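Use these hints to put chain Y onto chain R, whose structure you have.
Chains as they are written, first to last, in this note's numbering: chain R, 619 to 926; chain Y, 619 to 926.
Calculated directly from the structure, the hints in this document are not laboratory data. Any given hint might turn out to be false.
[Claimed, not checked] Here are the in silico distance ranges between beta carbons for each label pair: (1) Ser-802(R) <-> Lys-838(Y): 12 to 22 Å; (2) Leu-766(R) <-> Pro-758(Y): 38 to 48 Å; (3) Lys-641(R) <-> Asp-759(Y): 56 to 66 Å; (4) Pro-758(R) <-> Lys-644(Y): 53 to 63 Å; (5) Pro-758(Y) <-> Glu-747(R): 20 to 30 Å; (6) Asn-734(Y) <-> Leu-766(R): 23 to 33 Å; (7) Met-619(Y) <-> Leu-766(R): 38 to 48 Å.
No experiment lies behind these values; they were computed from the predicted model shown. All C-beta atoms in this analysis are idealised placements derived from N, C-alpha and C, irrespective of residue type, glycine included.
There are 2 protein chains.
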Amino acid sequence: MNIPSIAVHGGSGTITSSIEDPKNKKNYLDALQEALEAGFSLLKNDGTALESVMKSVTILEDCELFNAGKGSVFTSKGDHEMDAAVMDGKNLNAGAVAGIKGIKNPVLFAEDIMKNTPFVFLAGNEAMEYARRQEYEILPDSYFFTQLRYDQWTSLRDSGEVKLDHSSDNELKFGTVGAVAVDSEGNLAAATSTGGMTNKAWGRVGDSPLIGAGTYANNKTCAISCTGHGELFIRGVVAYDVSCRMEYGGMSLEQATNEAIFTRLKNLGGQGGLIAVDAQGNISLPFNTEGMYRGMKNNRQTLTKIMH
Amino acid sequence: MNIPSIAVHGGSGTITSSIEDPKNKKNYLDALQEALEAGFSLLKNDGTALESVMKSVTILEDCELFNAGKGSVFTSKGDHEMDAAVMDGKNLNAGAVAGIKGIKNPVLFAEDIMKNTPFVFLAGNEAMEYARRQEYEILPDSYFFTQLRYDQWTSLRDSGEVKLDHSSDNELKFGTVGAVAVDSEGNLAAATSTGGMTNKAWGRVGDSPLIGAGTYANNKTCAISCTGHGELFIRGVVAYDVSCRMEYGGMSLEQATNEAIFTRLKNLGGQGGLIAVDAQGNISLPFNTEGMYRGMKNNRQTLTKIMH
Numbered sequence: 619m620n621i622p623s624i625a626v627h628g629g630s631g632t633i634t635s636s637i638e639d640p641k642n643k644k645n646y647l648d649a650l651q652e653a654l655e656a657g658f659s660l661l662k663n664d665g666t667a668l669e670s671v672m673k674s675v676t677i678l679e680d681c682e683l684f685n686a687g688k689g690s691v692f693t694s695k696g697d698h699e700m701d702a703a704v705m706d707g708k709n710l711n712a713g714a715v716a717g718i719k720g721i722k723n724p725v726l727f728a729e730d731i732m733k734n735t736p737f738v739f740l741a742g743n744e745a746m747e748y749a750r751r752q753e754y755e756i757l758p759d760s761y762f763f764t765q766l767r768y769d770q771w772t773s774l775r776d777s778g779e780v781k782l783d784h785s786s787d788n789e790l791k792f793g794t795v796g797a798v799a800v801d802s803e804g805n806l807a808a809a810t811s812t813g814g815m816t817n818k819a820w821g822r823v824g825d826s827p828l829i830g831a832g833t834y835a836n837n838k839t840c841a842i843s844c845t846g847h848g849e850l851f852i853r854g855v856v857a858y859d860v861s862c863r864m865e866y867g868g869m870s871l872e873q874a875t876n877e878a879i880f881t882r883l884k885n886l887g888g889q890g891g892l893i894a895v896d897a898q899g900n901i902s903l904p905f906n907t908e909g910m911y912r913g914m915k916n917n918r919q920t921l922t923k924i925m926h
Numbered sequence: 619m620n621i622p623s624i625a626v627h628g629g630s631g632t633i634t635s636s637i638e639d640p641k642n643k644k645n646y647l648d649a650l651q652e653a654l655e656a657g658f659s660l661l662k663n664d665g666t667a668l669e670s671v672m673k674s675v676t677i678l679e680d681c682e683l684f685n686a687g688k689g690s691v692f693t694s695k696g697d698h699e700m701d702a703a704v705m706d707g708k709n710l711n712a713g714a715v716a717g718i719k720g721i722k723n724p725v726l727f728a729e730d731i732m733k734n735t736p737f738v739f740l741a742g743n744e745a746m747e748y749a750r751r752q753e754y755e756i757l758p759d760s761y762f763f764t765q766l767r768y769d770q771w772t773s774l775r776d777s778g779e780v781k782l783d784h785s786s787d788n789e790l791k792f793g794t795v796g797a798v799a800v801d802s803e804g805n806l807a808a809a810t811s812t813g814g815m816t817n818k819a820w821g822r823v824g825d826s827p828l829i830g831a832g833t834y835a836n837n838k839t840c841a842i843s844c845t846g847h848g849e850l851f852i853r854g855v856v857a858y859d860v861s862c863r864m865e866y867g868g869m870s871l872e873q874a875t876n877e878a879i880f881t882r883l884k885n886l887g888g889q890g891g892l893i894a895v896d897a898q899g900n901i902s903l904p905f906n907t908e909g910m911y912r913g914m915k916n917n918r919q920t921l922t923k924i925m926h
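Next up, chain R with everything else stripped away, as it sits in the complex:
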């Protein structure tokens, strides 16, 4: 047993250019470290796994380096649509939201849905009616403006095409943030948040807010947050696939996550990774892309890393 234990991620993909500059690299690692420390500190002080993942993910949402919350990419219309989900492994409660605008911390919106409505999933413009009813502050687009994301968007937009695929190979492909944790009581939780795809249109929803695809937690098995080519994670039902390999197939966390990423996802032609923790505090951080912004922390070890 190695609990409590926490892991975080800030997306996966081709990320060479983002970290060529050592200062840039340090900024990413520092941000991951801050999210880890804050989440772990809660766990050490009798906080729950749920509180811990919420804390870590809101910190990553507030950091403009990652594609979630403040750092969300631009849609084809030049604004920002965000998705998020949270799941509590203790009771399988879950909350999720897709396509919301102007909300500082989409993961808190997802938790609100979980705790204060009979629903699990609200999507699209209509979900904003719930935000207004709950008196969320609706931030102006300027809060979400970052020069990097703006430049990425305009270069895609000005290509004159409706870009359906992911953005260029010179940047992070799959921007997402997430956290998974197990607390001292053995309770698990997972949370994921994303700004989606640069120049995205048509209300496209990826795997992040979909329970079982990009986010899942169950005290009997594991907590999972994914980052990658969302469509393939949906078709592979990747997060719940890991859980089922453990529950029905008797695999360890490491075996199950490796199978899900290196066999199932790969066979589907999908790229990405995930972070996972089980009730014993074991952690697994597999990915089949060039890199994945990630970190983990327990009583024995603290690690933040980007490339292999």
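Chain Y only, in chain R's frame:
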């Protein structure tokens, strides 16, 4: 082997009052029969499982008796928001849509997304931009008007509350339609379509359009379409749970579906049912509600039924 084989459903729940009138009951059974025969006829004439489930579900969408397509319930605003999904078990391709308006056959929209975009899931008002781009006919609200649904809605609306729970016990609780099939080649497919909850607000999305929750198909295991209390099917990832019990737990279709509905869903406090078929043409139609509109057909047997 008992292929080809097909099953359909038209929702589950408390349905006594709907079928007290023998003529009403006959209308429901006739509609299920028509959907079954049309889907099965395709299967007998070298049609694929995918073509077959699409045919059956569009027939059920066009029938005003069921809560999908034409018979969709009213939202809190007095219009109609529809969700649908389709999955092809041969290649795990999938398409899904949530919160669309004015589209005659949402399941065809989901298939269009699957076949003609790199995406799996489009949601909300933004998804309608894709519909306009593809020159879908946008039907007026009057097409979706049915006196029964209107009366259900006004009685809820006029109660003065924001109704979050499901509608009264005197009517079908979980309106959905769906079909699953296996063709002569052993390919599986599943499709589901729904008008959601009466008086629903805030862009609530249930399990129907979520791959792995309400809809799933995989040639290695089974094809599943669910109907029930959507939130619990999402938290249970019920459709993919059945598949995993077969793939990783070595269960038969019947064992896996019974476990999913009578153990897992029940333990979560969820009500509903599902239709399932495997590659050998076995069919299972379990539900834990008073009734489920359902039918199945293969070379040996044709059945349509409502109550236990």
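Hint-by-hint comparison with the structure:
no.	hint	in the structure
1	Ser-802(R) <-> Lys-838(Y): 12 to 22 Å	violated (40 Å)
2	Leu-766(R) <-> Pro-758(Y): 38 to 48 Å	holds (45 Å)
3	Lys-641(R) <-> Asp-759(Y): 56 to 66 Å	holds (57 Å)
4	Pro-758(R) <-> Lys-644(Y): 53 to 63 Å	holds (59 Å)
5	Pro-758(Y) <-> Glu-747(R): 20 to 30 Å	holds (23 Å)
6	Asn-734(Y) <-> Leu-766(R): 23 to 33 Å	holds (32 Å)
7	Met-619(Y) <-> Leu-766(R): 38 to 48 Å	violated (57 Å)
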